[in-house]
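Participant: Each chain is listed here by its residues.
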Amino acid sequence: MYLKPVVKYRLCDYKRAIITFYIIIIAIMIGFFSITISYDTATASFAGIEMIGMNFIFIVSLTSFKEPFRMLIQNGISRKTILLGQIIWTICVSAIMSVVDKVICLVGSIGSSISGRFIVGSLLDQVYPSKFLPEPGRIPAHLMAIAFSFCLYTAVAALGYFITLLYYRMNTPMKVAVSISVPCFLFIGLPLIDNMTNGGVSYFFDRVSQLIFGVDGSNGPLSVMAFALVCSALLCGLSWLLIKKAPVKN
Amino acid sequence: MINFTGDRPIFLQVSESIEDGILSGVYPEESQIPSTTEIAASCRINPATALKGISLLVEEGIIYKKRGLGMFVVSGAKEKIREKRKREFYEKYVVQLIDEAKKLGFSEAEITYLIRRGFEGEH
Amino acid sequence: MKVSIELKNVVKRFGKVTALDNVTVTFGGNKIYGLLGRNGAGKTTLLSIITSRLFADEGEVLVDGEPARENDRAMRKIYMMGEATLYPENMRVGDVFRWTREFYPEFSLDYAFSLADSFKLDCRKKVKSLSTGYTSILKNIVALSSNAEYTLLDEPVLGLDANHRDMFYRLVIEKYAERQNTIVLSTHLIEEVSEVIEDVVIIDGGKIIFDGSRADLLAHGYSVLGSTELVNRYAEGRTVIGSESLGGMKKAYIWGKPEQDGVPDGLELSSVDLQRLFIQLTNARQN
Numbered sequence: 001m002y003l004k005p006v007v008k009y010r011l012c013d014y015k016r017a018i019i020t021f022y023i024i025i026i027a028i029m030i031g032f033f034s035i036t037i038s039y040d041t042a043t044a045s046f047a048g049i050e051m052i053g054m055n056f057i058f059i060v061s062l063t064s065f066k067e068p069f070r071m072l073i074q075n076g077i078s079r080k081t082i083l084l085g086q087i088i089w090t091i092c093v094s095a096i097m098s099v100v101d102k103v104i105c106l107v108g109s110i111g112s113s114i115s116g117r118f119i120v121g122s123l124l125d126q127v128y129p130s131k132f133l134p135e136p137g138r139i140p141a142h143l144m145a146i147a148f149s150f151c152l153y154t155a156v157a158a159l160g161y162f163i164t165l166l167y168y169r170m171n172t173p174m175k176v177a178v179s180i181s182v183p184c185f186l187f188i189g190l191p192l193i194d195n196m197t198n199g200g201v202s203y204f205f206d207r208v209s210q211l212i213f214g215v216d217g218s219n220g221p222l223s224v225m226a227f228a229l230v231c232s233a234l235l236c237g238l239s240w241l242l243i244k245k246a247p248v249k250n
Numbered sequence: 251m252i253n254f255t256g257d258r259p260i261f262l263q264v265s266e267s268i269e270d271g272i273l274s275g276v277y278p279e280e281s282q283i284p285s286t287t288e289i290a291a292s293c294r295i296n297p298a299t300a301l302k303g304i305s306l307l308v309e310e311g312i313i314y315k316k317r318g319l320g321m322f323v324v325s326g327a328k329e330k331i332r333e334k335r336k337r338e339f340y341e342k343y344v345v346q347l348i349d350e351a352k353k354l355g356f357s358e359a360e361i362t363y364l365i366r367r368g369f370e371g372e373h
Numbered sequence: 374m375k376v377s378i379e380l381k382n383v384v385k386r387f388g389k390v391t392a393l394d395n396v397t398v399t400f401g402g403n404k405i406y407g408l409l410g411r412n413g414a415g416k417t418t419l420l421s422i423i424t425s426r427l428f429a430d431e432g433e434v435l436v437d438g439e440p441a442r443e444n445d446r447a448m449r450k451i452y453m454m455g456e457a458t459l460y461p462e463n464m465r466v467g468d469v470f471r472w473t474r475e476f477y478p479e480f481s482l483d484y485a486f487s488l489a490d491s492f493k494l495d496c497r498k499k500v501k502s503l504s505t506g507y508t509s510i511l512k513n514i515v516a517l518s519s520n521a522e523y524t525l526l527d528e529p530v531l532g533l534d535a536n537h538r539d540m541f542y543r544l545v546i547e548k549y550a551e552r553q554n555t556i557v558l559s560t561h562l563i564e565e566v567s568e569v570i571e572d573v574v575i576i577d578g579g580k581i582i583f584d585g586s587r588a589d590l591l592a593h594g595y596s597v598l599g600s601t602e603l604v605n606r607y608a609e610g611r612t613v614i615g616s617e618s619l620g621g622m623k624k625a626y627i628w629g630k631p632e633q634d635g636v637p638d639g640l641e642l643s644s645v646d647l648q649r650l651f652i653q654l655t656n657a658r659q660n
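These protein sequence lines map, in sequence, to chains A, B and C. Counting in the working numbering, the first sequence runs from 1 upward without gaps. Counting in the working numbering, the second sequence runs from 251 upward without gaps. Counting in the working numbering, the third sequence runs from 374 upward without gaps.
Excised from the complex, chain A in its bound form:
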């Protein structure tokens, strides 16, 4: 299989971006840490560092299709292998970022013990009450955090890739139609329907959230992780349908 050179190529591509990203994050954290040490009243809280990572990997995925696609087609790679390469890249990068996030959290907590006003925390702690989480500070808790981040990153990356692939396959009229109608539907259409059905839409979303998160987060992080992975798989499948006949455009 020609997967190895494909994955190697994809990883090399974003190596610099990822490193730059983390250097910036760490620099900001160090900066804020020093501020909290110097000023008695200053507080810095990085609760839910995954949010930033999710943003980053989403944007990176949004630019992951066109250029690599052209390069890989030039080098005789099938679309099947291109998509597989993207999946493996996503898994690798999500895994790496999840682990790095955990390391940052751990180092951050050392900082917290020095300055109580400096807080670094994972999203997990924000969303779920501690009774649904393994005992903090122990290995299972760390693994849970890593796995949680991993699932979120994967889902968000899959979404970004799907969106950029969708836009590539669409012709201009369709792009305009989608770019207008989707936000319209979300921000105007849905509230309208909600009004008309006397809160029917809100009820629907409520039920779905309860299904995923449980009431007051009672389902534990596992259901979100499962939901994220299911979404990733679905988006992968849709991406395959889009990519398998994707022409090389000029």
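No lab work stands behind these hints: they were computed from the structure. Just so you know, not all the hints are guaranteed correct.
What the hints assert, rightly or not - Label-pair restraints from in silico Cβ distances: (1) B/ARG332 <-> C/SER504: 49 to 55 angstroms; (2) B/ARG332 <-> C/SER618: 42 to 48 angstroms; (3) C/GLY629 <-> B/ARG258: 42 to 48 angstroms; (4) A/VAL103 <-> C/SER481: 39 to 45 angstroms; (5) C/GLN553 <-> B/GLY326: 42 to 48 angstroms; (6) B/PHE254 <-> C/SER618: 22 to 28 angstroms; (7) B/GLY326 <-> C/LYS381: 51 to 57 angstroms; (8) B/ALA351 <-> C/SER491: 48 to 54 angstroms; (9) B/THR287 <-> A/LEU166: 51 to 57 angstroms; (10) A/GLY31 <-> C/LEU531: 49 to 55 angstroms.
Stated by the list, open to error - Per the computed footprint, the stretches of chain C lying under chain A, defined by three or more beta-carbons under 8 angstroms from a beta-carbon of chain A, are: (11) 442-450; (12) 630-638.
As the list claims (entries may be wrong) - No farther apart than 25 angstroms at their CA atoms in a straight line, the calculated lysine-lysine pairs in the DSS-like style are these: (13) A/LYS175 <-> A/LYS66; (14) A/LYS15 <-> C/LYS499; (15) A/LYS15 <-> C/LYS630; (16) C/LYS501 <-> A/LYS15; (17) C/LYS498 <-> A/LYS66; (18) B/LYS342 <-> C/LYS630; (19) C/LYS389 <-> A/LYS249; (20) C/LYS499 <-> A/LYS244; (21) C/LYS499 <-> A/LYS66; (22) A/LYS8 <-> C/LYS498; (23) A/LYS245 <-> C/LYS381; (24) B/LYS352 <-> B/LYS330.
Keep in mind that this is a model prediction, so the values were computed, not measured. Just so it is clear, CB atoms sit at the ideal spot from N, CA and C, and this is done for glycine as well.
On the provided structure of chain A, position chains B and C as indicated by the hints.
Facilitator: Relative to chain A, chains B and C alone:
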């Protein structure tokens, strides 16, 4: 070396040009001539065409192949080429000359006079 | 198992336009092919379908007997250098070579760098900063260094000056002599490529109008020159694919073989070169 315009088949031009080289001493007998690839590359022609020209010379016993080494000029090739060209001389030059001469209305005596003049060195 | 690229009944449409109309053709036998056609005849579409850049609407493509579609193994045997530059803009020339080697293990880095040197191509330059000519040179170097069994070059001399074009043809011949692979030169510049190619495929309006050896094609065409009256008389019953008149003289291009004993008195018979034959054949189709 090769004339791409005009009617003369390229492979014949290749063989003739090697023959010319043999006659003029550029390729002495038992020496090596350029390979098919070298000829093709430097003339910008397809190797198959070059090979056709070379094969013609092999058939006529003017060059031969030494396995693993290349193509070499046969001993006595010079004479062979001369004989061959002498035989071809009539068809190649005389027929054309007479044709043109007749077209222009020259008599046999006039042509003979011109030929004598040529030999006497008004070159 | 036939060692070749085969297209069978390939049809490709772009909206209402039929770019390839029931195309059946084979490239193989370790020869240098000329894929000749006018602008827009379908050459690039044909090559793009072979390499999966585009998908055929009907028909199939086989590489050494295997279907080529979504087939990594089959694609590995083919290297195409197309008109479109698909390399990332910011990639440097040297990196283009190094990455190609990752995907094509037979790629020769040494050869590529030495060619870059001969052409005075700066390997530290980014793809986007290359001129049209040097972009072609980069792509040609990659294609020639790939050592692929089937090397397809689409308009390889686009933007190249005369010296570089000359170098290019020499390199193609040397590479072919060395590897004995199958090389397809797709171009509308017939004259230059005429003696380099062995077989000819002519495509016109999406249809293959000739597929055979160059020698065969040239043997099928000749011209007669003489007074208009004589020429017209001679041309009767024969396939005339074109003609030119000047004053009372006429030159007719005939498709077919002349008789053994030549042509009647008053007419001059000559062979037709590949480019002229191509022009007449494709013009004739238009009319």
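Participant: Each of the hints needs a verdict: does it hold here or not?
Facilitator: Evaluation of the provided hints:
1. B/ARG332 <-> C/SER504: 49 to 55 angstroms: 54 angstroms, holds
2. B/ARG332 <-> C/SER618: 42 to 48 angstroms: 47 angstroms, holds
3. C/GLY629 <-> B/ARG258: 42 to 48 angstroms: 22 angstroms, violated
4. A/VAL103 <-> C/SER481: 39 to 45 angstroms: 43 angstroms, holds
5. C/GLN553 <-> B/GLY326: 42 to 48 angstroms: 34 angstroms, violated
6. B/PHE254 <-> C/SER618: 22 to 28 angstroms: 27 angstroms, holds
7. B/GLY326 <-> C/LYS381: 51 to 57 angstroms: 55 angstroms, holds
8. B/ALA351 <-> C/SER491: 48 to 54 angstroms: For B/ALA351 and C/SER491 the Cβ distance comes to about 53 angstroms; the hint holds.
9. B/THR287 <-> A/LEU166: 51 to 57 angstroms: 52 angstroms, holds
10. A/GLY31 <-> C/LEU531: 49 to 55 angstroms: Holds, at about 53 angstroms.
11. 442-450: holds (count 5)
12. 630-638: violated (count 0)
13. A/LYS175 <-> A/LYS66: OK: A/LYS175 and A/LYS66 at ~16 angstroms, within 25 angstroms.
14. A/LYS15 <-> C/LYS499: Cα-Cα ~19 angstroms, so holds.
15. A/LYS15 <-> C/LYS630: 65 angstroms, violated
16. C/LYS501 <-> A/LYS15: 21 angstroms, holds
17. C/LYS498 <-> A/LYS66: Roughly 22 angstroms separates the two Cα atoms, so the pair holds.
18. B/LYS342 <-> C/LYS630: 23 angstroms, holds
19. C/LYS389 <-> A/LYS249: Since the Cα atoms of C/LYS389 and A/LYS249 sit roughly 18 angstroms apart, the hinted pair holds (cutoff 25 angstroms).
20. C/LYS499 <-> A/LYS244: At roughly 30 angstroms apart (the allowed maximum being 25 angstroms), A/LYS244 and C/LYS499 break the hint.
21. C/LYS499 <-> A/LYS66: 18 angstroms, holds
22. A/LYS8 <-> C/LYS498: Given pair A/LYS8, C/LYS498 holds - Cα atoms ~23 angstroms apart, limit 25 angstroms.
23. A/LYS245 <-> C/LYS381: Given that 25 angstroms is the threshold and the Cα spacing comes to 20 angstroms, the pair holds.
24. B/LYS352 <-> B/LYS330: 33 angstroms, violated
Hint violations for this structure: numbers 3, 5, 12, 15, 20 and 24, all remaining hints satisfied.
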